[in-house]
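Participant: Read off the chains here:
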Amino acid sequence: MSEQELARKSVEYRRKILKYIYQAKAGHTGGSLSCIDILNVLYNHILNVNAADFASPDRDRYIQSKGHTVEALYVVLASKGFFPESDLDTLCRYQSHYIGHPTRKVHGVEQNTGALGHGLSLSVGTAIAGKLDKKDYRVFTLLGDGELPEGSNWEAALSASHYKLDNLCAILDKNTLQISGPTSAVCDIDPVDKKFEAFGWAVRHVDGHDFKQLKAAFEAIPFEKGKPSLVIAHTIKGKGISYMEGQLKWHHGVPSTEQYAVALEELNVAEETIA
Amino acid sequence: MEATIENIALKNEANLEVFSKTLQRLAAEDRDIIVVTSDSRGSGKLVPFGQKFPDQIVEVGIAEQNLVGVSAGLASTGKKVFAVSPACFLTARALEQIKNDVAYSDNPVKLIGISAGVSYGALGSTHHSLHDFAVLRTINNLVIVAPADNFETEQAIRLAAESDFPVYLRFGKKAMPLLSEDEKTFEFGKGRIVREGGDINIIATGETVAPALQAAEKLERESGISASVVSMHTIKPLDYNLLNKLALSGKPIITVEEHSVYGGLGEACASYFMQTGHRNPFKIIAIPDEYTVTGSQQEIFAHYGISEEGIAASARKLCKGL
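Order-wise, the sequence lines are chains A and B.
Its first residue numbered 934, the first sequence is counted upward by one per residue in the working numbering.
Its first residue numbered 355, the second sequence is counted upward by one per residue in the working numbering.
If you are wondering where the hints come from, they were derived from the structure by calculation, not from laboratory data.
There's no promise every hint is true.
With a Cα cut of at most 35 Å, we get these calculated DSBU-like pairs of lysine-lysine [as the list claims (entries may be wrong)]:
#1 Lys-527/B <-> Lys-1064/A
#2 Lys-1067/A <-> Lys-375/B
#3 Lys-1068/A <-> Lys-406/B
#4 Lys-1064/A <-> Lys-1013/A
#5 Lys-528/B <-> Lys-406/B
#6 Lys-1145/A <-> Lys-1182/A
#7 Lys-671/B <-> Lys-599/B
#8 Lys-1038/A <-> Lys-406/B
#9 Lys-406/B <-> Lys-1064/A
#10 Lys-599/B <-> Lys-1067/A
#11 Lys-406/B <-> Lys-1158/A
Given only the sequences and the hints, what does the whole structure look like? Please build it.
Facilitator: In structure tokens:
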């Protein structure tokens, strides 16, 4: 998919993320908007997964460790035909399968996540199985910078390099904000690149909203043979909506009717400016 | 599943030897059997397994959360995964991974808690798992099993390997006597009656079934009290049919376990009896709410009445209505 097409897709995804969070009056708006360009490139350009053959043992795996930004995942899966988009009208409603964190009740979701610090270990196990079975599939997991202080991440990071899992790619959605404040103030993870490198990973930095950089990074995996890859995607929480960008209150803020209208107008303008 | 001659041959071996040998037999025929271990190769008696099947063992080091998460990832691809770690650490440090990555995500990992209860004896309370039944019973979609002899161990491993649901198997360290030459049926969720009697019912689990059986024989010999003894190897789902049958006898019921008095077999049985209107005289023998006295497993058992003498004494009192 071209960068222009990806850009248009992301506008569409942002529109839908806001729509369903607005309707449900619940959701993680800021983080969904920071990671959506990453999911866009993965699902529309990189991953070998499709709705009709999701049980294939050869499919690539995407495990969303930062499960709270599930709205980003749901709108992408709907657009890929995993379920009718109208299902999202039930988001977070009584007895809906579309819970506020990923569950396997939803077609296309690999693992139930939401508690932080779980995705990387699950991905390591899946990647080890790929190596044991001599399969070509790759495993991608999306980490949040706020979840990295969970020690389980570092246990998993050790075993990923111990087993030379170059079929594993972790993506860090580094939007630098978590629920209580800047990650640097809550528990600084930097220099996170040096930490992962010291743990035996190959690391690259990208602008997490630049489709060209995201495509180039994912196409270059593994960055080094015999090493797991980490893409540090520098992102902006609330990206795409002026009054949400970099604002802590939009971690799980829900727009009012007026705010929602402003957001949609900004997305319309953004769409018109795409070449 | 039919009992095999191997059960008899293995009867004097340590529990974990049976575990390891059974897994080796299964792994030789099934490349999908994978052992994941957290530096427990030696304590889990898995060194021969690792030597014979180097491609079927994954070592994560001392990292229980990662052990369970990695195991869940492996299981999600169709591998038959046995995650092996001391019970105390597996079920406390990795509890959230057991809840979310295994049970909630329906990744059918076989969680193997080794050296459970007070098997580590004088190593102390950090190494005792007296909480595992309690915490795991509250987790949906998890079968909890504590075999009581090498026959049950072998059968449990074989059944677990073929199960498409998550299982927690709780193992002690030492050799266990073969409980019954006659009763050779084993099924998850079905208690095994290893001794029939008419005056009192003793329901035990894991390594406490042997002293319960000894106590029953002592009671018969010394007091003419005839006791039934049940190996309630499956803590969840509990065998309500059998509990009902035992309660309908109207006779006293004693439960015995190597676990805290809170949240284990005894409270599970009490809950069933109360909610179904059974009012048999009832006694829970377990470790009280304290950090245990220093000693070997047998000394700790004796201290808290989980012994031939202690169980028999409790039974006599209950039969007298004391």
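Participant: Taking the hints in turn, state whether each one holds.
Facilitator: Hints, one by one, checked against the model:
no., hint, result
1, Lys-527/B <-> Lys-1064/A, "holds, 34 Å"
2, Lys-1067/A <-> Lys-375/B, "holds, 27 Å"
3, Lys-1068/A <-> Lys-406/B, "holds, 23 Å"
4, Lys-1064/A <-> Lys-1013/A, "holds, 28 Å"
5, Lys-528/B <-> Lys-406/B, "holds, 24 Å"
6, Lys-1145/A <-> Lys-1182/A, "holds, 30 Å"
7, Lys-671/B <-> Lys-599/B, "holds, 23 Å"
8, Lys-1038/A <-> Lys-406/B, "violated, 39 Å"
9, Lys-406/B <-> Lys-1064/A, "holds, 19 Å"
10, Lys-599/B <-> Lys-1067/A, "violated, 53 Å"
11, Lys-406/B <-> Lys-1158/A, "holds, 29 Å"
Hint violations for this structure: numbers 8 and 10, all remaining hints satisfied.
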